[in-house]
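Engineer: Make a model of the complete structure from these sequences and hints.
The numbering used here applies: residue 1 is where the sequence shown begins, and numbers increase by one.
Calculated from the structure, these hints are not laboratory results. Relax, there's no trap hidden among the hints.
Derived lysine-lysine pairs resembling DSSO-like cross-links, with alpha carbons at most 30 Å apart: (1) Lys264 / Lys400; (2) Lys529 / Lys464; (3) Lys464 / Lys110; (4) Lys412 / Lys427; (5) Lys392 / Lys337; (6) Lys412 / Lys441; (7) Lys110 / Lys465; (8) Lys192 / Lys513; (9) Lys357 / Lys400; (10) Lys513 / Lys529; (11) Lys120 / Lys494; (12) Lys153 / Lys405; (13) Lys427 / Lys400; (14) Lys392 / Lys338; (15) Lys441 / Lys392; (16) Lys317 / Lys382; (17) Lys494 / Lys192; (18) Lys417 / Lys441; (19) Lys338 / Lys317; (20) Lys400 / Lys383; (21) Lys522 / Lys494; (22) Lys405 / Lys417; (23) Lys392 / Lys382; (24) Lys264 / Lys357; (25) Lys357 / Lys338; (26) Lys465 / Lys494; (27) Lys392 / Lys192; (28) Lys357 / Lys192; (29) Lys494 / Lys417; (30) Lys382 / Lys400; (31) Lys392 / Lys405; (32) Lys264 / Lys122; (33) Lys359 / Lys403; (34) Lys110 / Lys153; (35) Lys120 / Lys264; (36) Lys120 / Lys110; (37) Lys338 / Lys359; (38) Lys403 / Lys427; (39) Lys317 / Lys383.
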Amino acid sequence: MKYGLPFSHNRKTLAAHVWANHFCEGHEPRQQRTCKKSLQVRKAGKYRKCLKAMMTEQLEIPFFTDEPLPAAPAYGVADMFPLDNLIPEIIDPQNMSDSFDYVVSHLEYKHQREKHRPWKEKYIADLTERIGNGTFRLDPATVRTIHVTDGPKERDVQCPRVPDRIGVHAVMTVVERYTYPALIHNTAASIKGRGMHWLHHIIEDDIDADHENMSHYYQSDIEHYYDNINQLIMMAQTREYISDPVLLPITDGFITLMPEGLSKGLRSSQTLANLHLNGVDHAMCDVVSYHEIPDESQESGIGVAINGDGHIIVDGKIRRFHYYRYCDDIVFFAADKKTLWMLRDKLVWLLAELGLKIKNTEAVRPITEGLDYLGYVTYGLKKPNIYKGRMKWSYTRIRKRTKVKAARRLHKVRSRKRRQEIIGSFKGMLCHADGERLFNKLTNQRMAKFSELGLPSYTPKDGKKRFNCSTMQLGQIANRPIEILDVESEVQTKYGLRHLVKFHFIGEVTEYKFFTDSDEMKFQLNQMKERDLLPVETTIV
1 MKYGLPFSHN RKTLAAHVWA NHFCEGHEPR QQRTCKKSLQ VRKAGKYRKC
51 LKAMMTEQLE IPFFTDEPLP AAPAYGVADM FPLDNLIPEI IDPQNMSDSF
101 DYVVSHLEYK HQREKHRPWK EKYIADLTER IGNGTFRLDP ATVRTIHVTD
151 GPKERDVQCP RVPDRIGVHA VMTVVERYTY PALIHNTAAS IKGRGMHWLH
201 HIIEDDIDAD HENMSHYYQS DIEHYYDNIN QLIMMAQTRE YISDPVLLPI
251 TDGFITLMPE GLSKGLRSSQ TLANLHLNGV DHAMCDVVSY HEIPDESQES
301 GIGVAINGDG HIIVDGKIRR FHYYRYCDDI VFFAADKKTL WMLRDKLVWL
351 LAELGLKIKN TEAVRPITEG LDYLGYVTYG LKKPNIYKGR MKWSYTRIRK
401 RTKVKAARRL HKVRSRKRRQ EIIGSFKGML CHADGERLFN KLTNQRMAKF
451 SELGLPSYTP KDGKKRFNCS TMQLGQIANR PIEILDVESE VQTKYGLRHL
501 VKFHFIGEVT EYKFFTDSDE MKFQLNQMKE RDLLPVETTI V
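Structural biologist: Here it is in structure tokens:
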């Protein structure tokens with residue numbers, strides 16, 4: 001079995017040396033108090049010593065040493081941290097305008113959107129000044145707390161004013177652009193392009209590629225993750241990535257909005273929660289099993305590198321680690337239960353260093369019993385199936401409660417329009433599972449794919465191209481080399497006429513598009529198209 005690179009972790013509690021290493025003058029620590037959680041960590045000392053001997057003897061992995069925790073990832077990405085002088089990018093007019101459009105367009109009601117749009121220039125001018133001089137803060141008195149129900153879960157979320165939401169979005173858009181490449185590839189929550197379906201298919205592909213080392217799995221969930229995040233540790237981790245003296249007090253305000261933990265519902269909490277477990281993710285990837293696939297880009301060469309998707313590439317081969325995280329839900333695989341229990345103790349120890357603990361719903365099971373994760377139940381097979389010319393060692397079903405809920409709704413509904421909506425939603429879930437027969441049984445319809453219908457392509461009335469690919473904001477593209485593939489001028493949008501540009505990042509094949517209203521950029525794009533110079537490699541500064 002293959003295991004990752006050696007990992008090192010500090011024996012001391014991270015909070016004990018936060019102030020000496022990371023905090024500047026003016027940040028005084030809170031009074032320390034003894035609590036049950038800290039006592040539990042102390043009582044685990046003798047157990048850790050025994051665990052160290054057992055692990056190092058059987059797995060030959062140096063689990064516990066006195067070296068510091070690598071909060072920023074290795075393999076060359078850490079060279080770019082900490083980041084400085086981010087404020088100019090945050091208050092860039094294009095970034096501020098995009099942030100306003102994003103926040104206002106996602107308001108629930110039409111009258112809310114119409115109310116705020118006339119104030120765009122005033123909001124942007126005020127936020128640009130406050131963020132530029134470092135005085136932008138969230139006032140807890142103006143933040144509403146709303147009780148929401150999300151399925152079986154109930155929680156209180158914080159709802160800032162619309163201008164404050166625009167400012168938080170503008171700040172975190174730039175922060176995410178630089179910090180998210182530091183995350184591992186197999187983490188998916190709150191990351192554009194990485195959703196629950198994306199991670200679900202990653203797990204399926206890995207099981208098919210290396211079923212022997214993924215015959216058993218460990219599944220866990222962190223108890224009250226957002227509520228139990230230590231604000232002091234979170235601020236220290238932020239300083240591992242950012243050193244901008246104007247931006248740090250702003251991000252500290254996001255972290256300390258609540259008396260304890262991180263705010264639920266605040267735009268910044270999604271990014272901070274991912275960064276909080278980044279050190280744990282890299283530590284676990286250093287000890288879990290993995291398999292290798294060829295690097296099709298062939299740009300890594302000899303040595304260790306990391307690409308923009310978080311893939312670790314060693315000597316021209318991508319390492320696919322059998323460790324997966326969706327927010328605070330963690331799953332990893334191994335060839336036997338014994339290895340999983342030892343890796344589980346490793347994970348518990350790492351989380352204890354952050355003041356976190358795992359719920360008592362954790363489990364170690366063979367994959368043949370089914371992995372209930374990300375809305376689906378994935379099973380491993382003892383013998384492979386051949387599906388569309390591909391050898392499959394796994395198959396997927398939707399959760400029973402999802403199936404029962406859909407069946408009951410279809411039985412009760414009388415409206416034809418509502419029935420089609422339920423069928424469409426149900427089909428959207430089944431498209432990511434092996435559910436053709438189930439769909440046919442419940443709906444008496446064939447679950448055909450859109451590409452199989454043979455429908456003619458739609459041509460807009462204005463004759464303009466729309467480019468069938470994902471849209472990206474200019475702020476996500478800035479300072480990254482791209483290749484412009486095609487340009488369509490004067491495309492009608494809800495904000496007026498815009499130029500539409502199709503492109504892809506250098507070294508990647510996935511195509512994207514963006515809209516622009518910059519006179520300078522539109523002039524240059526028109527010249528490229530008129531002179532037949534496309535495709536063109538460039539970088540938007």
